[in-house]
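Could you build all of it, start to finish, from the sequences and the hints given here?
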Amino acid sequence: MLDVVPETARVKTLRLDVPDWPGHLPGQHVDVRLTAEDGYQAQRSYSIASPPDRPLELTVELIEDGEVSPYLTEELRTGDRFELRGPVGGYFVWEPSRGGPLFLVAGGSGVVPFRAMLLQLASTGADVHATLLHSSRSWEDVIYRDELTELADAEIKVVHTLTRSQPEGWDGYARRVDSEMLTEAGPPPDARPHVYVCGPTPFVETVANALVGLGHDPATVRTERFGPTGG
Amino acid sequence: MSDPIISRGFRGRRRDDGGGDRIPPGQYETDDFPVLSAGPTPRTPLDAWDFTIIGEVDKLRRWTWEEFRALPSEEITVDIHCVTKWSKLDTAWEGVAVDTLLDGVETSAEYLVAFCDGGYTTNLPLEDVLDGKAWVAFAYDGEPLDPEHGGPARLLVPHLYFWKSAKWVRGLKLTTTEEPGFWEVNGYHLYGDPWRGQRYWGD
Amino acid sequence: MDELTLDGNAAAGILQQVFAAEVTTARGTCAGCGQVDALGAVVLYSGPGLVLRCRQCDSVLVKVATDGERIWLDMRGVRTLELRPEGPA
Chain H
170 MLDVVPETAR VKTLRLDVPD WPGHLPGQHV DVRLTAEDGY QAQRSYSIAS PPDRPLELTV
230 ELIEDGEVSP YLTEELRTGD RFELRGPVGG YFVWEPSRGG PLFLVAGGSG VVPFRAMLLQ
290 LASTGADVHA TLLHSSRSWE DVIYRDELTE LADAEIKVVH TLTRSQPEGW DGYARRVDSE
350 MLTEAGPPPD ARPHVYVCGP TPFVETVANA LVGLGHDPAT VRTERFGPTG G
Chain F
272 MSDPIISRGF RGRRRDDGGG DRIPPGQYET DDFPVLSAGP TPRTPLDAWD FTIIGEVDKL
332 RRWTWEEFRA LPSEEITVDI HCVTKWSKLD TAWEGVAVDT LLDGVETSAE YLVAFCDGGY
392 TTNLPLEDVL DGKAWVAFAY DGEPLDPEHG GPARLLVPHL YFWKSAKWVR GLKLTTTEEP
452 GFWEVNGYHL YGDPWRGQRY WGD
Chain G
0 MDELTLDGNA AAGILQQVFA AEVTTARGTC AGCGQVDALG AVVLYSGPGL VLRCRQCDSV
60 LVKVATDGER IWLDMRGVRT LELRPEGPA
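Chains as they are written, first to last, in my numbering: chain H, 170 to 400; chain F, 272 to 474; chain G, 0 to 88.
Hints in this document: simulated from the structure, not taken from any laboratory. A hint or two may mislead.
Claimed, not checked - The calculated lysine to aspartate or glutamate pairs, modelled on EDC-like cross-linking and capped at a C-alpha distance of 20 Å, are:
#1 F/Lys356 <-> F/Glu449
#2 F/Lys404 <-> F/Asp361
#3 H/Lys181 <-> H/Asp347
#4 H/Lys326 <-> H/Asp315
#5 F/Lys356 <-> G/Glu68
#6 F/Lys356 <-> H/Asp310
#7 H/Lys326 <-> H/Asp296
#8 F/Lys444 <-> F/Glu327
#9 F/Lys444 <-> F/Asp361
#10 F/Lys356 <-> H/Glu236
#11 F/Lys359 <-> F/Asp374
#12 F/Lys330 <-> F/Asp303
#13 F/Lys356 <-> G/Asp57
#14 H/Lys181 <-> H/Glu252
#15 F/Lys359 <-> H/Glu236
#16 F/Lys359 <-> H/Asp315
#17 F/Lys404 <-> F/Asp318
#18 F/Lys359 <-> F/Glu381
#19 F/Lys444 <-> F/Asp350
#20 F/Lys359 <-> F/Asp417
#21 F/Lys359 <-> H/Asp207
#22 F/Lys330 <-> F/Glu381
#23 F/Lys359 <-> F/Glu449
#24 F/Lys356 <-> H/Asp315
#25 F/Lys444 <-> F/Glu346
#26 F/Lys356 <-> H/Asp296
#27 F/Lys404 <-> F/Glu337
As the list claims (entries may be wrong) - Using C-beta positions, here's what the derived DEER-type ranges look like:
#28 G/Gln16 <-> H/Thr318: 38 to 48 Å
#29 H/Gln335 <-> F/Val306: 51 to 61 Å
#30 F/Thr448 <-> G/Gln16: 31 to 41 Å
As the list claims (entries may be wrong) - Taking beta-carbon pairs under 7 Å as the criterion, some of the chain F residues facing chain G (in silico):
#31 Ala309
#32 Leu331
#33 Thr335
#34 Trp466
#35 Gly468
#36 Tyr471
Predicted, not measured: the structure shown is a model, and the values here were computed from it. Even for Gly, the Cβ is constructed at its ideal location relative to N, Cα and C.
Have a look at this one:
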């Protein structure tokens with residue numbers, strides 16, 4: 170572990186040095202395995218937060234009664250080591266060569282693989298129009314908030330919805346993602362966008378069903394479920 | 272497998288104030304009750320639920336939920352051991368002893384298959400569910416058994432790994448030969464004694 | 000759908016040890032109902048091994064268990080698997 174960057178009160182990004190890392194595609198994940206001195210092991214999957222052209226980064230949300238996330242976010246120090254297997258996954262992958270438009274819908278920490286995708290899009294300068302619809306509980310809980318604001322330009326649109334509380338003067342979305350919001354924020358089905366939905370399982374189910382209901386071809390909608398609260 | 276990298280300071284969720292000789296080899300004690308499942312949680316309404324004894328029997332036995340709950344039941348406190356390495360001590364259940372359900376059943380069978388809503392099965396030697404070794408449990412910790420933990424009723428066979436304590440159990444099929452169940456056909460040990468570490472084939 | 004369930008993406012790590020090709024993009028035909036889905040998209044249950052189930056009919060597509068050295072794979076529930084050995088689709 171090289172260093173830790175706090176993203177929000179409960180979320181941190183770990184920068185890692187991985188010997189012989191073979192490279193990866195945005196959207197892939199790694200399986201992290203921790204072994205205690207007496208041999209006890211725990212394993213979890215984390216989406217890769219970094220694009221391929223920089224050192225590996227994982228973003229981890231602290232789950233209150235979690236087993237692995239408290240270790241990764243609170244105990245881990247520079248120089249500590251753990252095992253990871255990967256990169257893994259080819260289904261939930263997007264690279265600029267696939268073209269667009271790109272429609273990314275994230276619930277909470279579901280935004281992690283999308284950071285990798287958008288950073289790679291920005292660094293390759295490919296001619297792809299991308300929209301990120303990002304659902305968070307509050308402005309303080311928005312992961313990568315400032316980084317995404319800087320990334321947004323003519324080609325990359327970032328739309329937030331804050332479901333529990335909003336800052337004073339907020340004039341953006343203030344509810345859970347629904348069909349109306351998807352229609353307003355994202356490209357229409359006949360633009361045949363590449364759609365990716367990531368986040369807690371109930372969020373992904375609701376959003377994926379809404380997208381198909383709006384007319385998006387199910388084959389163009391790719392999903393990654395994080396379970397009840399996160400990776 | 273090569274030696275794993277030890278992560279400094281990682282301990283995990285288990286307790287270790289000496290369950291001592293109550294913890295089988297390779298197991299770790301926990302206070303949690305993790306939910307593991309091979310499929311979606313079934314939601315059979317109680318008025319559609321029944322429990323049957325079928326297969327190599329003199330005659331089929333069947334109880335509706337009311338009939339089942341009218342049978343004598345008992346409260347038991349047991350240690351349970353999951354093949355995924357967690358053990359939980361002193362878990363409190365209430366259930367009908369399988370002895371009660373098999374009382375008066377004439378059979379030449381030496382084995383059984385427990386079958387469940389959702390299609391899960393597990394196999395056991397008949398003698399491992401007799402003589403006070405197994406129950407069909409309908410309550411845990413003083414409350415009706417939660418669906419995600421197997422409610423309305425699950426098999427409880429604490430002396431074997433907990434995948435044998437089939438959730439959402441609906442009956443027992445008595446068999447003359449051993450018929451490996453859902454996980455036993457796919458690498459998990461046919462018998463499953465935690466004290467001999469019988470987790471997988473060949474253990 | 001139970002909120003605890005993940006999808007086949009979470010099985011990619013162990014399955015990549017078995018197959019030369021990327022498996023989460025492989026499209027499986029359910030032997031129960033004929034539904035075709037990428038394995039990364041189907042429903043995953045954990046306990047104690049991994050079970051992938053059809054999104055349409057809930058039948059078991061794949062069972063995977065491992066003791067760390069051996070992997071046991073049951074793919075009876077997949078009538079046909081379509082793979083691209085060169086890499087992700």
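Verification of the supplied hints:
Between F/Lys356 and F/Glu449 the alpha-carbon distance is near 26 Å, which puts this suggested pair outside the 20 Å criterion. Proximity of F/Lys404 to F/Asp361 is assessed by CA-CA distance (about 16 Å); at most 20 Å being required, the pair is judged to hold. Distance check on the hinted pair: H/Lys181 and H/Asp347 sit about 29 Å apart at the alpha-carbon level, beyond 20 Å; violated. A C-alpha spacing of about 14 Å is found between H/Lys326 and H/Asp315, which places the hinted pair at or below 20 Å, so the restraint holds.
A distance of roughly 17 Å separates the Cα atoms of F/Lys356 and G/Glu68; the hinted pair therefore holds under the 20 Å criterion. For the given pair, F/Lys356 sits about 35 Å from H/Asp310 by alpha-carbon distance, which is inconsistent with the 20 Å threshold. Proposed proximity of H/Lys326 and H/Asp296 is supported: the alpha carbons are some 14 Å apart, at most 20 Å. Only pairs whose Cα atoms come within 20 Å are accepted, and F/Lys444 paired with F/Glu327 is accepted, the gap being roughly 7 Å.
Restraint check for F/Lys444 and F/Asp361: not satisfied, since their Cα atoms lie roughly 30 Å apart, outside the 20 Å limit. Taking the CA atoms of F/Lys356 and H/Glu236, the gap is about 15 Å. The hint holds against a cut of 20 Å. A threshold of 20 Å between alpha carbons decides the hint, and for F/Lys359 with F/Asp374 the separation of about 30 Å lies outside it, so the pair is violated. Proximity of F/Lys330 to F/Asp303 is assessed by CA-CA distance (about 41 Å); at most 20 Å being required, the pair is judged violated.
Taking the CA atoms of F/Lys356 and G/Asp57, the gap is about 28 Å. The hint is violated against a cut of 20 Å. A C-alpha spacing of about 18 Å is found between H/Lys181 and H/Glu252, which places the hinted pair at or below 20 Å, so the restraint holds. This hinted pair checks out: F/Lys359 and H/Glu236 have alpha carbons roughly 17 Å apart, not beyond 20 Å. For the hint pairing F/Lys359 with H/Asp315, the CA-to-CA distance comes to about 45 Å; that exceeds 20 Å, so the pair is violated.
A threshold of 20 Å between alpha carbons decides the hint, and for F/Lys404 with F/Asp318 the separation of about 29 Å lies outside it, so the pair is violated. For the given pair, F/Lys359 sits about 30 Å from F/Glu381 by alpha-carbon distance, which is inconsistent with the 20 Å threshold. A hinted pair counts as satisfied when its Cα atoms are at most 20 Å apart, and F/Lys444 with F/Asp350 does not qualify at roughly 26 Å. About 17 Å separates the Cα atoms of F/Lys359 and F/Asp417, which keeps this hinted pair within 20 Å; it holds.
At most 20 Å may separate the alpha-carbon atoms for a hinted pair to count; F/Lys359 and H/Asp207 meet this at roughly 19 Å. At most 20 Å may separate the alpha-carbon atoms for a hinted pair to count; F/Lys330 and F/Glu381 meet this at roughly 17 Å. Taken as a hint, the F/Lys359 and F/Glu449 pair is broken in the structure, with Cα atoms around 29 Å apart against an allowance of 20 Å. This hinted pair does not check out: F/Lys356 and H/Asp315 have alpha carbons roughly 42 Å apart, beyond 20 Å.
Only pairs whose Cα atoms come within 20 Å are accepted, and F/Lys444 paired with F/Glu346 is rejected, the gap being roughly 25 Å. A hinted pair counts as satisfied when its Cα atoms are at most 20 Å apart, and F/Lys356 with H/Asp296 does not qualify at roughly 51 Å. Proximity of F/Lys404 to F/Glu337 is assessed by CA-CA distance (about 24 Å); at most 20 Å being required, the pair is judged violated. Between G/Gln16 and H/Thr318 the CB atoms are about 41 Å apart, so this pair conforms to the stated range of 38 to 48 Å.
Between H/Gln335 and F/Val306 the Cβ separation comes to about 35 Å, which falls outside the hinted range of 51 to 61 Å. Distance hint check for F/Thr448 and G/Gln16: the Cβ-Cβ separation is about 34 Å, which falls inside the suggested range of 31 to 41 Å. For F/Ala309, the shortest C-beta to C-beta distance to chain G is roughly 5 Å, which falls under 7 Å, so the interface hint holds. At a threshold of 7 Å, the smallest CB-CB gap from F/Leu331 to chain G is about 28 Å, leaving the interface hint violated.
Using the Cβ-Cβ criterion of 7 Å, the hint placing F/Thr335 at the interface with chain G is not satisfied: the shortest such distance is roughly 26 Å. The restraint placing F/Trp466 at the interface with chain G is violated, with a minimum CB-CB distance near 18 Å, outside the 7 Å limit. Evaluation of the F/Gly468 hint against chain G yields a violated restraint, the C-beta minimum of about 11 Å exceeding 7 Å. This hint holds: F/Tyr471 has a C-beta 4 Å from the nearest C-beta of chain G, less than the 7 Å allowed.
Comparing the model with each earlier hint shows violations of hints 1, 3, 6, 9, 11, 12, 13, 16, 17, 18, 19, 23, 24, 25, 26, 27, 29, 32, 33, 34 and 35; every other hint is respected.
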